[in-house]
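> Sequence:
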Amino acid sequence: MKDTKSIFTKIRGYFLTGIIVTAPIGLTFYVSFLFIGFIDSKVRNIIPVKYHYDNILPFEIPGIGLLIVFIMLTFIGFLTAGIIGRYIIKLGERIIARLPIIRSVYGALKQIFESVLKTSSKSFREVVLIEYPRKGIWAIGFITGDTKGEVQESSKDELVNVFLPTTPNPTSGFLLFVPRKDLRVLNMNVEEGIKMVISGGIVTPKFKKKYMKNKN
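Heads up, the sequence shown is in this note's numbering, so the first residue is 193 and it goes up one at a time.
What the hints contain is simulated information worked out from the structure, not anything from laboratory work.
Below are the DMTMM-like pairs computed for lysine to aspartate or glutamate, each with C-alpha atoms no more than 25 Å apart in a straight line:
(1) Lys327 - Asp374
(2) Lys373 - Glu323
(3) Lys398 - Glu318
(4) Lys387 - Asp374
(5) Lys398 - Glu383
(6) Lys302 - Glu342
(7) Lys373 - Glu383
Construct all of the structure, not just a fragment, from the sequences and the given hints.
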């Protein structure tokens, strides 16, 4: 009887291990397939029917729509890098600046994309602990930059912009202005911090004690 239970326990362990190993890979491929299919369908609707790639080629190529989008964005980037392209961009921004609501949305989105995509930017590069929502309870946050302008001038302390993400969706959260002295900077990188937030603490990065000692 014990041998039978032992066998079933091993089978159960192997089965769960198989899920742990294959589920992330399978879901990654599945989400990628859905994303590629979505882009392909949108690009297909834009292109005239006679130029559809499945009408030209004897077989369908998945991902060709994504390739077309990549080429178009690269070409647009190439054009805007020149004098004429920069002039067109400035002209377009002047027009947008005259539209009350649209200019606010455009300005905010532009700042976000510039902060995220610029490799020279130091924003969103540090993971910190912050006492939230009350003293004695700690939450993970991400420094997005130094607080400036009216917000900083209204405080005697040196403030830092901290993005406090929600679990399991780190794209939503709260913007907090926190005194730098009240933050505890962690050794983990942003990717490790995001994984910890998404998993609800199940995935915890290894604590590098030697590095921390050298750092202090």
